[in-house]
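S.K.: In the working numbering, the protein residues as written are 1318 to 1616.
Hints are not guaranteed to be accurate.
[Said to hold, decoys possible] Think about it this way: if two alpha-carbon atoms lie no more than 30 Å apart in a straight line, the pair counts; the simulated DSSO-like pairs of lysine-lysine are:
#1 Lys1337 <-> Lys1371
#2 Lys1337 <-> Lys1358
#3 Lys1358 <-> Lys1371
No wet-lab data here; the hints were simulated from the structure.
Just so it is clear, the structure is predicted and the values come from calculations on it, not from any experiment.
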Amino acid sequence: MSLNSPPVFPPELEREMLEKAAHLHPETIFNLLLVSRRVYKWINGMQYRTVTPKGDRWSCPVHALQQAIQSNTHPAGTFFHRNVRHVFIDMATPTDHIPQILDACNGIQNLMIINPIPLGSIIPSIAALQLRRLSLLWAAILRNMNPSQPMFASLTHVHMWDLLSVSNDTTSRVPPSFLAQLPVLTHFAALFRPTSRDFAVAARDILTTCKTLRVFMLNPLWETSLESLPLIDDVNFIYMDLGYRSVHLCDGWLAQTRGGIDFWARADAFVEKKRRGEIQPTSRCWIQPADGIPDFDSY
């Protein structure tokens, strides 16, 4: 080899370097795809790793993923299973497309669906996944599933854009008895009406019943003064106003897919401070600026 020749890396090392670059800097993926045929083969699947409604922050738009699935240009049952990990679907996606996406991308680990899709059309698709994080518009989707299903063996984080249950009857939105049967559930969040006080009873019931919970978060249905809410004196409990701005939520959701700060990370930080006795008074269950907990990441 001439001393003036460019260095040649072993293919395994070259691939590892390029995949690392694509993961850390997803904005470079489309340029990397143009480098060579072999690089295209290595990197192509990574453009589908994170999927959002509009393709925010160099993620893949939902419609682009749907088109790729329908094109049949990738091996059925392997390509999308291997590559798609984080999916955020909102109301702009036609409901009949959602089961198709979930069935093709059954390696998803982190799923948020803010879409009023009929229960019967989506439950089989969700039940077939091995999720770690799940965020759904309707708690009834979970209530119509069996807590012994394999999906729940890996599910640690559940966020419900639905009201907290106030009883264990069959009409309840999020029955505490159901949550208590989820074997590895450590983080749970739901909405509540600030004008009601029944939610405090239900919250204490969940904290007592669900022994695996490390973080239990309640989000007000509308903007309210957190200081005026009933105190729930449990180290694992927190109130948090998410604001429900779609851009804000998407930024935070995207951040955590790359190790950044979302509402769960903020809640974790607060609970850890509370365990160490750094939150005063100890009964306070909401974040204050003086706590030094960073806000959601944005790009």
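S.K.: Would you list, in rising numerical order, the hints stated earlier that this structure does not obey?
M.R.: Of the numbered hints, all hold.
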